[in-house]
Amino acid sequence: MRKQTLTWLSLFLVMAVTLSACGTAGSAESTSAESEAGASSELSGTLSISGAFALYPMMTIWAEEFTKLHPDVQFDVQGGGAGKGMTDTIAGAVDIGMISRSIKPEEESQGIFWVSVTKDAVFPIINAENPVAEKLMAQGITQEIYNKIYITGEITTWGEVVGDPSITDKINVFTRSDASGAAEQWAKYTGGEAQEDLLGIGVNGEPAMLDTILKDPLGIGFGNLNSIFDLSGGNLVPGILIPPIDINENGTADAGEVYTVKEDAFGAVANGTYPSPPARFENLATLGKPEGLELEFIKWILTDGQQYLEAAGFVPLTPEQQAESLAKLEQ
Amino acid sequence: MSDIQLNNTLKTEGRLSRPSTPSRARTDRAAQRTFFIITLVPVALILIVAVALVVRAYPILNSYNLSDLLLGETWRPNNGEFGFRPFILGTLWVTTVGVLLAVPPCLLVSVYLAEYAHNRTRTIAKPILDVLAAIPPVVYGVWGLLSIVPFVDDVLAPLSERWFGSVSIFSVTQPTGFGILAGGIVLAVMISPLIISVIFEVLSTVPNDLRHASLAVGATKWQTIRTVVLPQVLPGIVAAIVLGASRALGETIAVLMVVGNVPNIPTSVFDTAYPLPALIANNYGEMMSIPLYDAALLGAALVLLVVILIFNILSTLVLQRFLRRS
Amino acid sequence: MKFQKKHFERRHIVELVIKTIMRLALFIVAGTLGLILWTIISRGLPSLSWEMVSQVPKGGYYMGKDGGILNAIIGSAYLATGGTLLAMILSVPIALYLKAYLGKSRWGDYVRLSLDVLWGIPSIVYGAFGFALMVLLGMRASLLAGIIVLALVELPIMTRAMDEVIRRMPSDLEHAALALGSTKFEVAINIITRQMLPGIITAILLAFGRGIGDAASVLFTAGYTDRIPTSLMNPTASLPLAVFFQLGSPYPEVRERGYAAALILTIAVLLVSFGSRWLAARLNRYTIK
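Chains as they are written, first to last, in our numbering: chain A, 1 to 331; chain B, 1 to 326; chain C, 1 to 289.
These are computed hints drawn from the structure, not numbers from a lab.
Since the model is a prediction, treat every value here as computed from it, not as a measurement.
Possibly wrong hints are sitting among the right ones.
What the hints assert, rightly or not - Over the 10 Å line for every Cβ pair with chain C, so calculated as not near, a few chain B residues:
#, residue
1, P77
2, A117
3, S214
4, V228
5, V229
6, N264
As the list claims (entries may be wrong) - Quick look at which bits of chain C chain A covers, simulated, 3 or more residues with Cβ under 8 Å:
#, region
7, 54-64
8, 204-213
9, 248-262
Where a beta carbon is used, it is the ideal one built from N, C-alpha and C, also for glycine.
Turn these sequences into a full structure, and let the hints steer you where they fit.
As structure tokens, then:
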């Protein structure tokens with residue numbers, strides 16, 4: 001009997017040893033990524049990346065496409081949130097951080113270098129059966145009204161939003177309770193400073209936000225491009241409407257302000273019609289200027305990598321924005 | 001080692017020689033010493049974990065006084081406001097609901113299994129309880145998400161609005177099924193195997209003579225249980241409940257997925273809440289980028305540890321005394 | 001004198017009612033298990049595919065495209081194996097020591113108390129502790145960090161389960177061996193392990209099952225990646241986190257795959273649970289009754 005146990009134990013040990021041997025044999029450790037970009041024309045090494053959940057799916061696509069071109073490069077991509085990405089980058093635990101917000105001066109003074117690589121946007125959402133939906137789609141909602149709904153709390157009924165005091169339906173305001181870049185952007189747009197300033201019932205996670213609005217005709221919330229639109233078809237998720245933001249504040253929802261298909265929304269964000277915030281640049285951050293493999297990867301994202309963005313629900317950079325980012329890298 | 005004691009055992013036992021008695025004694029003493037040192041590990045571990053958390057939480061304990069931290073209501077780490085009260089209350093509410101929902105059925109089941117059930121029932125019940133205990137918390141969370149949250153939303157909330165609308169503790173103020181009740185239901189199922197098995201063991205320590213004596217004078221089984229057995233084991237039952245509560249306090253993932261995670265002060269079981277473990281788990285990513293946030297979260301872990309330790313030690317001491325009687 | 005009592009006194013009715021309520025409670029508890037399994041299977045099975053268990057996530061997996069969760073399956077296997085082995089190294093000696101050397105001593109009581117206390121500490125606290133340790137040592141999120149924290153979580157579970165079983169071993173065998181001149185160490189490794197092997201294996205597999213399913217401890221410490229780890233210092237995915245992250249996705253296809261991942265995790269844990277029962281039954285052949 002003891003022989004049997006010993007055999008099993010040794011099998012385990014053999015497996016463990018083989019595994020670690022396989023490990024150290026081939027790939028480089030995930031510490032420095034500035035490996036052999038200079039000497040040979042073939043890139044190799046491991047890049048570890050962490051950060052915003054918003055960019056995470058996109059980054060895995062980029063990683064896969066880049067690996068197709070350079071098979072010796074490997075990626076370790078993690079989520080964890082923009083905060084984690086920043087922390088990890090500063091601490092040197094990862095090579096690149098995905099940051100779905102603008103970089104703060106304190107972070108830059110700790111040595112953070114960043115470039116913008118794509119744009120995405122947060123849109124307000126309401127239920128398609130909202131009692132004042134038609135009026136809203138015609139008039140739009142100004143930034144000031146959003147401020148009074150989300151930050152100061154002065155506006156509490158849908159009647160006040162459309163200027164009809166006879167309508168007394170309450171606005172059920174929803175925000176995000178989890179640390180969310182989308183909420184951060186929405187807060188900045190509506191006049192707050194941070195996500196914490198938003199009023200409303202907190203919902204945890206983007207899927208839950210969408211579900212909540214789908215169930216509540218009196219609800220108002222916000223969400224990212226890629227959850228509001230069905231990306232393969234291009235239409236809004238059935239049951240959801242985007243109340244136009246009356247950007248030019250003329251009291252009507254003009255053509256560039258109404259988004260019913262994803263191309264409209266994309267276009268508005270790309271050409272700058274849609275305000276930023278709540279549109280935002282997604283940034284990649286490194287500790288110090290990127291070199292070697294990091295540099296090659298980021299440059300690729302800014303050039304060839306841009307072609308994969310639209311299908312994933314992100315807005316490609318305009319040529320000027322691209323040039324700006326590339327120039328920053330070259331400096 | 002003298003040659004006289006060296007036996008050539010190759011023919012009889014298939015090995016060359018039997019170690020001599022002195023060398024065996026030496027091995028025994030060495031083993032005793034090594035094993036003893038190893039047993040120091042669990043004892044020391046508790047201290048090490050506690051100390052590590054205190055050290056990491058120290059910065060925030062230093063900058064704010066304890067009552068501000070524990071009783072403060074605002075949680076705005078960006079502004080340096082760390083009021084833990086919503087989270088402590090959230091934890092208390094979810095745990096209380098969970099324990100209240102779990103105890104009556106668990107008590108009934110354990111009494112049934114210990115006093116009434118056929119052996120056959122017991123042999124079926126044991127694997128069922130084992131499987132319930134083995135299901136990973138994240139799977140409980142998925143089940144809660146798929147079954148319990150819609151149940152609360154579609155069935156319980158409307159019922160409560162109709163029947164108990166005026167009672168504040170049952171009032172429905174938010175439209176989702178996420179909340180304390182959902183968390184409590186999931187927790188109740190998760191802690192049930194534990195409570196059932198502890199109460200069952202405690203009931204088994206009551207000698208059968210007592211039961212037989214009571215039955216002999218004509219009492220029914222239930223009368224016997226009620227008047228003879230249960231009073232004897234009452235401390236054990238309380239200990240089992242406390243143990244279940246301490247498990248519920250620490251359960252992170254399953255509760256996180258259904259409780260809503262909104263830091264408000266709960267006033268109704270249909271409110272969302274944000275228990276301490278969920279706070280720690282949700283925000284570990286932001287920890288290092290906001291000053292004092294990591295100390296705050298690890299301080300939360302420390303609070304959790306202290307409370308659970310107290311519950312645990314007390315209930316374990318009671319149970320150890322009980323179970324040793326058998 | 002009136003000795004005749006009514007056939008159906010109130011207390012008999014109470015007895016019947018209570019019995020029915022108890023049976024109902026048992027039915028509810030058992031039924032809940034059925035409900036849980038049914039929910040997981042019915043929501044997870046449609047998205048379960050061979051692809052899911054045989055491939056790592058390809059790019060675009062998190063938007064609903066190709067790939068699977070092999071990274072998480074293997075990651076969890078590594079984590080749980082490593083953690084269990086590490087915990088065994090401490091667990092087996094402690095359990096044997098408690099029986100063979102200590103018997104009824106006070107130190108034994110302290111050790112048992114500590115183990116019970118450690119058992120009650122939630123894995124999120126171990127995870128936080130592990131994180132603090134990692135920061136102190138400058139370690140990154142890695143397989144090794146995850147293994148160490150999992151070992152901490154598994155140690156009390158394993159030792160307690162082992163101890164429960166080993167304590168019930170009748171002392172006759174021990175005493176017989178000691179009477180024949182065995183040292184305590186020899187009793188421990190020859191007699192106790194052989195006799196209690198089914199119980200020991202069950203305890204180890206119990207802890208292993210816990211190691212596969214625990215999320216809170218690996219959340220901070222093991223990281224996450226789409227690759228299969230090739231060295232101890234790589235970050236690694238794990239099944240519970242794979243479920244958790246996929247459920248938070250805005251894409252419904254990804255969420256459905258999250259349910260499938262939960263099903264895979266449940267099947268794995270059930271396999272370990274029933275496997276240990278089967279193994280224990282087979283090993284019972286070698287014990288003395």
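Reported absence of B:V228 from the contact zone with chain C (all CB gaps over 10 Å): Nearest chain C Cβ is 14 Å from B:V228, so the label holds.
Within 8 Å of chain A's CB atoms, at least three CB atoms from the region 248-262 of chain C: coverage verdict: holds (count 5)
8 Å C-beta criterion, at least three residues: is the region 204-213 of chain C covered by chain A: violated (count 0)
Per-stretch coverage check for the region 54-64 of chain C, three Cβ contacts closer than 8 Å to chain A: holds (count 7)
Non-interface claim for B:V229 versus chain C (Cβ beyond 10 Å): holds (13 Å)
Non-interface label on B:S214, tested against every C-beta of chain C at 10 Å: holds (13 Å)
Reported absence of B:A117 from the contact zone with chain C (all CB gaps over 10 Å): The claim is violated: B:A117 sits with its nearest Cβ about 8 Å from chain C, within 10 Å.
Interface-negative label, B:N264 against chain C, beta-carbon threshold 10 Å: The claim holds: B:N264 sits with its nearest Cβ about 21 Å from chain C, beyond 10 Å.
Assertion that B:P77 lies farther than 10 Å from chain C (Cβ): holds (17 Å)
Violated hints, listed in ascending order, are 2, 8; each of the other numbered hints is respected by the structure.
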